[in-house]
Amino acid sequence: MHITEGILSAPVLITGGVLAATGTAIGLKRLDYDHVARTGLLAAAFFVASLIHVPLGPTNIHLIMNGIVGLLLGWPAFPAILTALVLQAFFFQFGGITTLGVNTVIMALPAVFWFYVCAPWLHKKNPWPIVAAFICGFGSVLAGALLVALALVFTEENFLRIAELVVVANLPVMIIEGLMAAFCVAFLKKVQPSLLPGYTGDRTTWEDKP
Amino acid sequence: MIVEPFASGDSAIHKTDPRLKIVFATLFSIVTAVAQQSATLIVALVLAVIFVLAARLSIRLVLRRLIIVSGFLLLIWLILPLTYKGTPAVRLGPFTLAQPAIVLAAHVTLKSYTIVTVFMALVATMPAATLGHALERLRVPAKLVFLLLMTYRYIFVVEQEYRRLVRAAKIRGFRPGTNLHTYRTYAYFAGMLFLRASERAEQVTRAMKCRGFHGKFYCLSDLSTYSLTKSMLAVMAAGLCVLAALEWS
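Protein sequence lines, in the order shown, are assigned to chains A and B. In this text, residue positions in the first sequence follow this note's numbering: the first is 51, and each later residue adds one. In this text, residue positions in the second sequence follow this note's numbering: the first is 5, and each later residue adds one.
Keep in mind that a hint or two might mislead.
As the list claims (entries may be wrong) - Chain B is faced by these chain A residues, among others (derived, beta-carbon under 7 angstroms):
no.: 1; residue: R88
no.: 2; residue: L91
no.: 3; residue: A99
The set of hints was computed from the structure by calculation and includes no laboratory data. Owing to the predicted nature of the structure, the values given are computational and were not obtained by experimental measurement. Where is the CB? At the ideal position from N, CA and C, for every residue including glycine.
Take these sequences, add in the hints, and give me the full structure.
Structure (structure tokens):
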């Protein structure tokens, strides 16, 4: 989910830049140095996850996983996603410099929003954690696609059709991301529940267990 | 595989101070992104191409990267002229094409290619570690630079982990298709990546503490092996002046 360089107008680019800078500043503030390594490694995992292509009918789509990154990190998802985008631009040139802010907001803002909505449900009784995870994965892509559409329409009213198309075309991606997030959370709850936010139980890792 | 195809080389661009390249590429991209005049955009693309030639990048590789960018542009070319509201329209057989839409699509295409090309020529022509060091010198928050370098360091490790998981699944006869089993398997891959990343992060943090880490990351590189020549500075300043003059005069 990227907006290509050169499309958006100056006001939209500036708004995106300011929002991304604010989010990143808050994220960095909440990130103490003991957790920089964790955030960096999760950003690396987010980067690699975006290289995973899953089949969808005759074609395939690549994962986004911004919802899970949000669940695992909270506000520091902003600097983590910004970092991953900088490296993506650096390695693959999917984007350049001017859309960095907008693209960060498109992925990180939904991630933080759904973190606040879904995190409290992750340690409730089944099936709530799975439902919350599905909503988080689905909603993060939906909100991202809506932000893309918003950025396009604010740039030029005639982009409305393209904006609609972006949202509709991302519907299958939303469903798959929702499923992925649900399975992923189910997996983490089984293997290492302390990774998920709000965990209060036993903190021994799977390596410590007999 | 994750590689940095443009990072090494011995052209004048590769030898130029990375701070100058980052600052210039940023200003150049911003001017291009906000420009409205066709002349400005054409000159900007020409300048970007000159930088690519000066950096002696593989043209084939540069073109391949530009093709990836073209997907969304193609969508704009296909949809915008048919849905654009406003006159004057050009009749072309059964279709009516709006002229401003074609101009707009052309501008977007020029901007897109220019910004990505200049990024390849100036920013991708340094090692990622140098990018981090240069950003640190440019007063980007130290914590963010640390995070960037940390992420860069572990991208390759995490990718190896991913390849290992895929190999193991393949050996067990996993064949991806459009079904729930496939999605569950990929979700477990992703979960495993996040899990292993967290586990490793704990080890890394402990190892850093054992080596005396106390909350500051020191960038030792002073970038003194790079040159800040007056001619390069002059070329870049002149390029920006020409663009600004074309756009706002």
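Mind listing which of the numbered hints don't hold for this structure, in increasing order? none
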